[in-house]
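Participant: The primary structure of each chain is shown beneath.
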Amino acid sequence: MPRKIVVTGIGATTPLGGDAQSTWRALLAGESGISTLEQDWIATYEVPVTFAGQAKVPATEALTPQEAKRLDPSSQFALVAAREAWADAGSPEVEPERLAVEFATGIGGVWTLLDAYDTLKEKGPRRVLPMTIPMLMPNGPAAAVGMDIAARGGVRTAVSACASSTEAIANAYDRLQTGEVDVVVAGGCEAGIHPLPLAAFAAMHALSKRNDEPARASRPYDVNRDGFVMGEGGAALVLETEEHAIARGAKIYAELIGGAVTSDAHHITAPDPEGTGAARAVIAALKHSNVDLADVVHINAHATSTPVGDIAEYTALRRVFGDHLDKIAISATKSSTGHLLGGAGAIEAIFTVLALHERTAPPTINLDDQDPAIPLDVVTSPRKLEGDSIVAISNSFGFGGHNAVIAFRSTN
Amino acid sequence: MALSQAEVLSGLAEIVNEETGIAADAVQLDKSFTDDLDIDSISMMTIVVNAEDKFGVKIPQTKKLRT
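Chains as they are written, first to last, in the numbering used here: chain P, 1 to 412; chain C, 1 to 67.
It is possible that some hints are incorrect.
To be verified - So the derived list for chain P, only partly shown, Cβ under 8 Å to chain C, looks like this:
| hint | residue |
| --- | --- |
| 1 | 127 |
| 2 | 129 |
| 3 | 262 |
Simulated from the structure, these hints should not be mistaken for laboratory data.
Heads up, the beta-carbon is just placed ideally off N, CA and C, and yes, glycines get one too.
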């Protein structure tokens with residue numbers, strides 16, 4: 001029998017709010033975190049996409065000036081989210097050697113890297129700051145979190161584009177199953193609202209170009225969806241063995257019953273249209289705890305609002321669930337948050353956990369005209385989730401053919 | 001235009017404060033950055049880069065730095 005793993009703390013800073021609860025409340029209220037970018041560089045570089053989901057509360061507000069100075073914005077989001085999750089879990093007393101971190105990013109310290117390159121070009125190598133490397137390295141966020149909570153059981157970084165932080169949570173599940181650690185802080189972050197990633201994603205026609213209606217641009221499953229909307233922020237969960245959580249009297253949000261990662265080996269950016277790799281990930285995530293497919297009542301879909309991606313995920317889900325899919329409440333929360341890339345899986349994991357904890361599936365906004373090729377039961381206003389012991393999954397897929405799926409079960 | 005010792009000191013103190021949060025008035029002529037103010041090597045290098053920028057000078061990497 002696998003060990004029981006539970007969620008005992010959550011934290012987030014997102015386009016919807018500066019913490020997990022205000023993000024969740026804004027999500028339930030059907031708000032959009034997407035707005036027009038006012039930065040000078042929009043005009044300077046004539047970036048073709050002029051909107052994104054910026055963090056509602058700047059991370060620097062929750063950090064000392066010295067912390068902010070030494071951390072790339074991605075790591076700032078990570079630290080803010082992880083501190084909230086840690087405090088929410090009651091700042092567990094745990095042997096440092098039995099405490100680990102699994103913290104992901106999709107791109108890493110892109111602001112630091114490109115700012116340093118500007119400095120090099122304009123002022124020469126002597127002006128390049130010595131903190132440049134530790135700030136830009138993709139393990140920077142994980143390292144910052146690990147130092148902050150004194151985790152000595154291993155600090156690791158999953159990097160698999162938009163699947164990164166779901167993979168980090170799946171890795172945390174595996175790590176806890178080994179018995180080597182009692183507690184893992186898992187999550188992800190991204191700070192990619194910079195002209196270069198925006199221009200590059202726009203160049204591959206991945207982004208919505210709905211510049212005149214930013215709050216309506218992220219519209220998963222809608223016939224008029226035209227790409228994803230970039231978001232930024234961070235999210236973190238405190239995961240621990242049930243034994244450890246109960247021994248210290250921790251509050252428990254939900255049980256993490258499994259996680260799995262597969263790969264398509266199909267195309268560097270396009271999803272496998274048959275969805276077989278994604279389907280295998282769903283099945284593998286549920287297999288850990290011998291859950292019946294019929295127990296799944298809710299899915300937080302990857303659903304980025306791209307024309308091809310939304311259909312590929314639907315195909316995969318139909319492959320797995322068959323007719324039962326029609327009874328599953330589907331939420332596509334990127335409609336409100338935008339796509340946090342390496343942070344997406346973690347914030348969606350929190351939404352999935354809270355949906356089980358509060359027995360409420362969050363709404364999908366901007367679904368005016370559902371694509372007939374995607375006949376899913378999409379939740380458009382908060383919906384009660386019925387059932388005694390209920391299961392939900394969260395999917396994430398990333399460029400490179402990465403599929404990551406995590407599964408949770410209600411505990412209350 | 002040459003700066004007075006006091007102007008250099010207060011300029012340095014500002015850089016140190018910005019980088020490390022150490023109170024500007026703790027930065028004194030007879031204090032060592034590393035031994036007295038406990039500034040780590042990476043902060044020290046950042047302070048050097050910022051001081052070079054501010055005062056338009058080059059600080060040799062090998063010189064033992066003291067305020």
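Participant: Measuring from the C-beta of residue 129/P to each C-beta in chain C, is the shortest one below 8 Å?
Facilitator: holds (6 Å)
Participant: When the nearest CB of chain C is found for residue 127/P, is that gap smaller than 8 Å?
Facilitator: Holds - the Cβ of residue 127/P comes within 8 Å of chain C, reaching about 6 Å at its closest.
Participant: Does residue 262/P pass the interface hint, meaning its C-beta sits closer than 8 Å to a C-beta of chain C?
Facilitator: With a closest approach of 40 Å, the residue 262/P hint is violated.
Comparing the model with each earlier hint shows a violation of hint 3 alone; every other hint is respected.
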